[in-house]
Amino acid sequence: MHMSDALLSPAVGATMWAATAAAAAYSVKKVQSEMDQKKVPLMGVMGAFIFTAQMINFSIPGTGSSGHLGGGLLLAVLLGPYAGFLTMASILAIQALFFADGGLLALGANVFNLGFFTCFVAYPFIYRKIVGRKGGPRRIIIASLAAAVIGLQMGAFGVVLETLASGRTELPFGAFVSLMQPIHLAIGVVEGLVTAAVVGFVWKARPELMERAFLNRALGDLSIRKVLLGLAAGAVLIGAGLSWFASSHPDGLEWAMFKTSGKEELEATSSVHEKLGGVQKRTAILPDYGFKGPEAEGTSGDTKGESWPVIDVGTTVSGLVGGLMTLLLAGLMGLMINQAAKAKGNGL
Amino acid sequence: MASIFKTIDHIRYFDDLARQDSFIHRLHPLTKLLSTTVYALVLVSHDKYATLALLPFLFFPVLVAAAGRVPLSAILKRLLYLEPMIICLGLLNPLFDRETTVIMGHTVSSGWLIFASIVIKGSLAVSSALLLMATTGMEGIALSLRMLRVPRIMVLQLLLTYRYLSTLLEEGARIMQAYSFRSLSTVGVAAKAWGSLLGQVLLRTIDRAQRIYDAMCLRGFNGEYVPGKGRRAGIADPIYLLAWGAFFVLSRVFNLPLYLGCLLTGGVR
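Same order as they appear, the protein sequences are chains A and B. If you read the first sequence in this note's numbering, its first letter stands for residue 1, the second for the next number, and so on. If you read the second sequence in this note's numbering, its first letter stands for residue 1001, the second for the next number, and so on.
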């Protein structure tokens, strides 16, 4: 599952972007220093290939349903972890830009969930260890299955942790985990079997491609020490980032305002308040209803965590009217600009 | 197979939209990338119960779509594909949120507000990302990424993947069409053909990459990414960025629809 902007907080989104950027920067360094230029077009075309492969339905025997390929593990097997990770990042970036899968802010989290765990954990420490130097069809199947399942489980768990750390839902940890992990177990099995089938085919048809991918140091060598160090650094980064930003009260913007103005909320001066009150009396279209304002009830709108969820009817009606007017205004302005553009003939 | 054809159409359509000429199209790509990023950041910074306060954020996609001559149907169609997932996850919140709230005299679970908040945030974030693509194009994105010092190899990789996407998607569509003519399966590729079908495409892809590399070398490729002249930022760019930035911060700090509503109904704020 793609992580979505709607479920992320800026702190978690930015932290995951930082972790992904660090992994990408390291991969770029490795690819540049150890790979020949020939691999650049190969990475590009392989990205397009995986994108296409993701569109193909694979029927699952005995179930009557079909599954898809994710492609992270296949990329790691064919290109190595570094080039595989960068290629996966480009696929997810195109999906985020053209198809809005996830969103821009969630892209960092998505690359980490779907690329990092597969290319830097599942491939080197599960797939390669099982396949060994000899390879062979049976080992390829076991290795692909184990690596795909574990890689996807880690990715799904990443989605759960990122969602919970963001605090944008009320889903309890247990319920969310028990929803996500079994679904991704099934997805992982399909991913592993399709990957094994493709790798097995290439192993038979063009063994030299697999040997090259496997033996070439530049394409696959990764020490466990480096990955553990990287994971530790990532954990410190994520932990530090989250503890710095993620406290819900005061939140990021309020914190910035508190730092700059010494107050968590900007206060209007009394003269401005009086003048606005006068304007309000003149503009009120439903003045006799006498709804109590939110502050009279000790609440202040719909974004203040502690006072929520007490809403009085006055606020609700004001809110509904205001909301409708906002929507109407946005629509009208859009329509006017559209008409102006059409009248001009060539856009604004 | 239908999804491959739809994907090809979608990419071509967005390419066409990006080639239009409008005020938004003439802005520097970096301006559009930055404004969309700031928009997404401020949007998602809202509390999980925020619903009303999110509405002013509708102005950005609506105005950009109108000024950029992007039909709303293009955005809405894509939203329909993505919303089910967000809706499913959002619908679980009323089950788990034990808080209640009173709306128009009815006591309901506060989870419904979380649901509404997630759907609004998701729809707006998706719209803004699609509009960025529809008014900027991949070359523009690549140019701004280079300006942001994203490594050359990553930008090249992104451009090459994008460049060969339609070629390989068409190949995939042809293969799937041929497969469906020769098989009785309506669900998908049968298990015994998984390896050979995708494997054949993969081998052809690897050979194609070799030919592409040879052709690139013959045309002077030396590993560098040359973005060409590109657009120059004008006076409109900083104004556009500052104006939207100010609006986003204003909308984040003040609950504008509530103020507007209080102003119209006479409620004290």
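Hints in this document: simulated from the structure, not taken from any laboratory. All values reported here derive from a predicted model rather than from experimental measurement. Please note: incorrect hints may appear among the correct ones.
From the derived model, a few chain A residues whose C-beta atoms are all more than 10 Å from chain B [what the hints assert, rightly or not]:
| # | residue |
| --- | --- |
| 1 | Ala18 |
| 2 | Asn57 |
| 3 | Gly67 |
| 4 | Ala96 |
| 5 | Val149 |
| 6 | Val189 |
Cut-off 27 Å, straight-line C-alpha distance, at most; resulting in silico cross-link-like pairs (DSS-like, lysine-lysine) [as the list claims (entries may be wrong)]:
| # | chain 1 | residue 1 | chain 2 | residue 2 |
| --- | --- | --- | --- | --- |
| 7 | B | Lys1192 | A | Lys204 |
| 8 | B | Lys1077 | B | Lys1006 |
| 9 | B | Lys1192 | A | Lys134 |
| 10 | A | Lys29 | A | Lys129 |
| 11 | A | Lys129 | A | Lys30 |
| 12 | A | Lys129 | A | Lys204 |
Using N, Cα and C, we set each Cβ at its ideal position, and we do this for glycine too.
**Message:** Lys29/A and Lys129/A were given as a pair; does the straight-line alpha-carbon distance stay at or below 27 Å?
**Reply:** 25 Å, holds
**Item:** Proposed proximity, Lys1006/B with Lys1077/B (alpha carbon, max 27 Å)
**Value:** This hinted pair holds, its Cα atoms lying about 12 Å apart.
**Prompt:** Are Lys1192/B and Lys204/A close enough, with their CA atoms no more than 27 Å apart?
**Reply:** Measuring from Cα to Cα gives roughly 15 Å; hence the hint holds.
**Item:** Check on Val149/A being off the interface with chain B, judged by Cβ distance over 10 Å
**Value:** 17 Å, holds
**Asked** In terms of Cβ atoms, is chain B entirely out of 10 Å range of Ala18/A?
**Response** The assertion about Ala18/A holds, with a minimum of 14 Å to chain B.
**Holds or violated: Lys129/A to Lys204/A, with C-alpha atoms at most 27 Å apart** = It holds: about 20 Å lies between the C-alpha atoms, which stays within 27 Å.
**Request:** Find the nearest Cβ of chain B to the Cβ of Gly67/A and say whether that gap is larger than 10 Å.
**Result:** Label violated. Min Cβ-Cβ 8 Å, cutoff 10 Å.
**Message:** Hinted pair, alpha-carbon criterion (27 Å max): Lys1192/B, Lys134/A. Please report holds or violated.
**Reply:** 24 Å, holds
**Prompt:** Any Cβ of chain B at or closer than 10 Å to Asn57/A, or is the non-interface label fine?
**Reply:** About 3 Å separates Asn57/A from the closest Cβ of chain B, which leaves it inside 10 Å; violated.
**Asked** Lys129/A and Lys30/A: Cα distance at most 27 Å?
**Response** The hint holds at about 21 Å.
**Exclusion check [Ala96/A not at the chain B interface, CB over 10 Å]** = 6 Å, violated
**Message:** So Val189/A supposedly isn't at the interface. Is its beta-carbon more than 10 Å from every beta-carbon in chain B?
**Reply:** Holds, since 12 Å exceeds 10 Å.
Taken one by one, the earlier hints fail for this structure at numbers 2, 3 and 4, listed in ascending order.
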